[in-house]
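Using the numbering used here, the first residue of the sequence shown is number 3, and each one after it goes up by one.
Think of the hints as simulated: they come from the structure by calculation, not from any bench.
Don't take each hint at face value.
DSS-like mimics (lysine-lysine), calculated; alpha carbons at most 30 Å apart, straight line [as the list claims (entries may be wrong)]:
1. K127 with K157
2. K239 with K127
3. K157 with K239
None of the values given here were measured: they were computed from a predicted structure.
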Amino acid sequence: MLVTGCTIGDVGEAVRDDADMRASASASASQGRDAPSPTRGTSGERGTSTSAAPSAPESAPAPVDGDLTGRTIYLDPGHAAVMPANNPQVTDGRGGTKPCQVSGTTANDGWPEHTFNWLMAMEIKDQLEALGATVQLSREDDSGVADCIDLRAEKENSSAADVVVSLHADGAGEGNRGFHVITVAAPLPGNDAEGSAELAANIRDGFLAGGFTPSNYLGVDGIDHRSDLTGLNLSTKPKVLVEFGNMRDSADIALLASEDGRTGMAQAVVRGIIATIGQ
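Please take these sequences and the hints and turn them into a complete structure.
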């Protein structure tokens, strides 16, 4: 089993150096819409990346066409800037427990995953709203404490959302790169397994249409299945979790830290949503 660094809010801390990641994330938290590059200086200004070219078109992507009028999409930018007090154990949806929240991974320079996730949520939200959709979010900002993973799922389930997309980035070793879309494995009675599988395939196809490379280390053809994620286990909606790339790989982080890269990846998600619930 390959252990990677995105704790996705509900993977046990025994397989991560979570204390180090939490310290780096807290020190590096930012609410800005324009993320720093991997080579930024201590001032936080954008530097010049020396990373390999990302696996996506270099030109700014054209807007996505579609009609999502009357549709509601729930976006869950994973993790949060501040860990909850005492970090209580909550259900994992399969009879066990997980921490309420974990910090997520960081880039090699300390740029935290929770901030990347927030930037992606804002970009996807803007694009969806431009197509007529209503967008709900699992957290209101990138500066405070967020709901526990089980409560996030509860709020998603009680919402009017047609689909739910959880947003993350991974933290594996150099050379492990590419996106993957996760759906629930061994579906439970309450899961919308069919709807989730359709959403996953459509978002994967949206990435491929945008010229993005599927993961070379997790999943098959850009899709993975997991039974250990509370948010997927508890969901009653068509829901997927997107890992946009590996923050510890030099080529992937160049893409994740790029405005054009984030715009293109957001469009990939939007294409998949349109293919699933568009008019």
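Each hint tested on the structure:
no.	hint	result
1	K127 with K157	holds, 18 Å
2	K239 with K127	holds, 19 Å
3	K157 with K239	holds, 11 Å
When each numbered hint is compared with the structure, no violation occurs for any of them.
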